[in-house]
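Residue numbers (numbering that gives the first Met the number 0), protein chains in the order written: chain B, 0 to 256; chain V, 0 to 267; chain D, 0 to 258.
If you are wondering where the hints come from, they were derived from the structure by calculation, not from laboratory data. This structure is a prediction, so every number in the text was calculated from the model and none was measured. Beta carbons are placed, not taken as given, at the ideal position from N, Cα and C, and that holds for glycine. Please note that a few of the clues may not be correct.
With a straight-line Cα cutoff of 30 angstroms, these simulated BS3-like cross-link-like pairs (lysine-lysine) come out [unchecked claim]:
id, chain 1, residue 1, chain 2, residue 2
1, V, K130, D, K174
2, D, K174, D, K251
3, V, K246, V, K130
4, V, K139, D, K251
5, V, K139, D, K250
6, V, K246, D, K174
7, D, K250, D, K174
Part of the chain B face toward chain D, derived, beta carbon under 8 angstroms [unchecked claim]:
id, residue
8, S99
9, A201
10, P204
Which stretches of chain B does chain D cover? Using the computed rule of at least three CB atoms under 8 angstroms from a CB of chain D, they are [claimed, not checked]:
id, stretch
11, 6 to 18
12, 92 to 98
13, 106 to 120
14, 182 to 189
15, 224 to 238
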Amino acid sequence: MTSGAAIGRALRPWAFPLVLLGLYEVYARRAAALGSDALAPPSAALKAFVGAALDGSLWEATAFTLGTAALGLLAGAGLGLLLGIALGLSPRAARMGFLSIEVFRPVPSVALIPLAMLMFGFGLRMELAIVAFATFWPMLVLVQAAVRQVEPRLLEVSRMLGLSARERAFKIVLPAIVPRLFVALRLGVAVALVVAVTVEIAANPHGMGYAMMIAQQSFDPALMLAWLGWIGVVGYAVNAAMQRLQGWMARRMGAAA
Amino acid sequence: MVAEPMAAAAAAAPFLGFDDVAIRLGGREILSPTRFTVARGEFVCIVGPSGCGKTTLLRAAAGLVAPSAGEVRREGRVVRAPSREAAFVFQDYGRALLPWRTVEGNVSLALEAAGVPAAERAPRIAEVLAKVGLAAHAQKFPVQLSGGMQQRAQIARCLAQRPALMMMDEPFGALDALTRQGLQDELARLVREDGLTVLFVTHDLEEAIYLGDRVIALQADPGPGRPSLARMIDVRIPRPREQLGTKEHPEFLRLRRELFAFIEQGHD
Amino acid sequence: MKAQGAAGWFGSLAVFAALVALWWAASNAGWVSRVFLPTPQATLASLAEGLNLRDGQGNGELLGFTQATVGRMLQGWLLASLAGVLLGAAIGVSPAVRAWVQPTLEFIRPLPASALLPLAISIFGLSAGMVLFVVAFGAMWPVLLATVHGFAAVEPRLAEVARCLQMPRAAFVWKVGLPSAMPDILAGMRLSMTISLIVAVVGEMIASQSGLGQAILLAARAFRASELFAGIVLLGLIGFASNALLAVAEKKLLRWQQP
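Isolated chain B, as found in the complex:
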């Protein structure tokens, strides 16, 4: 492939969005000229973005959202991992927990926002609790499935070798589920971020979601769009990073599962 074609290939993903943004730029400029306070052209949003980056508000809010999401993920996915392994290894325990899990799992995490508000007020803990709840269930379900699908031959080998339950869990089960664990983790990261932003939009006066809400309420459409775009970029970047991590891990572990 000639270098010209290669450059073309690299630029192609940008063609469609740039065309759309260009059209929107023209449209929004006209709307702004007519006095609209709802739409702002991408160029104004970019300026607002730079402004927020320079005065620190961008980093503060982003750090809050990312930090809270990470902590919530640690708590929720961590618990989900432990319980998932336990239930995966013990079909009996899984059967006993079945009803309770099926009753609590379908509760939408946003439904717990007012409860968390009541318990923790506004701030880090409230958002963390909701993220933990939201990330707990997918991790539990996926890890449980992964453990149950560990090659039964390996478990037989562990019995023949006389491994203790603890040894079995750490030397056989855990390494065997690592690839699928990373898939679940990738999903968990995505959920954590989405839920964190959603909580900020709905109630919590901190973080990126809140910053975007405030911008809208202050009739600052440029800043609002800047936040919307930034949230998109952060989400995309985090997911892309997780995908690379997952790919790297899959190659290291022989990409079996």
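Fit chains V and D to the supplied structure of chain B, relying on the hints for placement.
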């Protein structure tokens, strides 16, 4: 019924003709200029080692791939695109059947594509399913069928097209020996009943001799200026053939020895 | 994952009952403040009252709120599914279109649907229509992306079979492409339903639209814990029922997958 002298028939009115067809794919010459004809009603088997281009040749006959040089002609007309008159049986039958349709539904697809009105479809489907022995399994989904039955379902769909030419790409390669033998005989019977012209690719030399009126042997990487088509032999063994008797027939054994030696030679 | 046999069900029920008993003890004995944790009986009472289960004695508000939320969720989901499948098919059938458009779709994928609410508010103001728009728009993407993937992943052998049968393009899309993409589309629609519920609730919360979202927010602000819990229970039920119904429908539609 004894095999007619094929040479005369071929010279008279070739049903299918390859005129110096060469095919390049991905920078490599998969098939060097190949020239041969097939008469109407002939059963021609194509054999050769991996990479000799036999599947590519078949796909060119079907119009699925265009020749880089030369022409494929069917009934005098140049083949440029697939046509319903030439039915293609794929080796990976599992992937060639619609998993969400029953056997009946899969056969129906051929008729729907041909624009056959709904009322006429049912009897034609029943007829063709009876021919391949799947009448009792018409309402089953592919996932519920064995490999042999799935392949028969694909063959049934091809027969529903009422094709003049049937192209088969190692159709029995993925099946176990017993199923393969049963299907070989079923195919021979069907072909005889409907007077089909068949182009049959296989890596199994015995299968080629057993089924064919003629066997075409291709060679891989013939070298510059040399054709892919290395050998063409007529199979003058009487029909109908059967698994035990025919395979002990002296002519069968002779051809078998000849073909094996030839293929071995090609491996030097 | 199915509970096996009567013993399994009994054990499962026992564990659940134990958790409820724990709830009962913790709330009644005051281990956890009743401001956050109402007693089970108070929750049930609020439910009964709100759903008008006591011979017309109750105010029936919760019933109305539930209808509003479910209505928003379903309407948005139906619109989203239709738009998602149509657009997704249009994009998915053509490798050329996919190549140009896919990267943009991948950028939108991780965006929280609720993040569109401020934009929608500034355009449409605080109204039921605004919430419905965001529900539909937000819930469209899982279906759209799943449809694009489903169409892109059509078994290439089937495409060849269609060529051999000289099938016209439209027939191919309708008879081969769509059924082939159906498992992906149905999975996308299930995810879409989850998002519809979430955005409906959040939308009600911030746009003060009548529904369970607003109801539980107001209940929390007024420290009426039993009403809050009643609302949470109902939202959980909605989530459960919608998912279960879709799973049943999916199983019926994908009967052909089971040997």
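Evaluation of the provided hints:
1. V:K130 x D:K174: holds (26 angstroms)
2. D:K174 x D:K251: Cα-Cα ~18 angstroms, so holds.
3. V:K246 x V:K130: This hinted pair holds, its Cα atoms lying about 26 angstroms apart.
4. V:K139 x D:K251: holds (16 angstroms)
5. V:K139 x D:K250: holds (17 angstroms)
6. V:K246 x D:K174: violated (45 angstroms)
7. D:K250 x D:K174: Holds, at roughly 20 angstroms.
8. S99: Because about 5 angstroms separates B:S99 from the closest Cβ in chain D, which is inside the 8 angstroms limit, the hint holds.
9. A201: Given a least distance of 5 angstroms, the restraint on B:A201 holds.
10. P204: Status violated, d = 12 angstroms.
11. 6 to 18: holds (count 6)
12. 92 to 98: As far as the stretch 92 to 98 of chain B goes, the hint holds, because 6 residues have Cβ atoms under 8 angstroms from chain D.
13. 106 to 120: The restraint on the stretch 106 to 120 of chain B holds, since 12 of its residues have a Cβ under 8 angstroms from chain D and three suffice.
14. 182 to 189: violated (count 1)
15. 224 to 238: Coverage by chain D holds here, the residue count being 8 at a Cβ distance below 8 angstroms.
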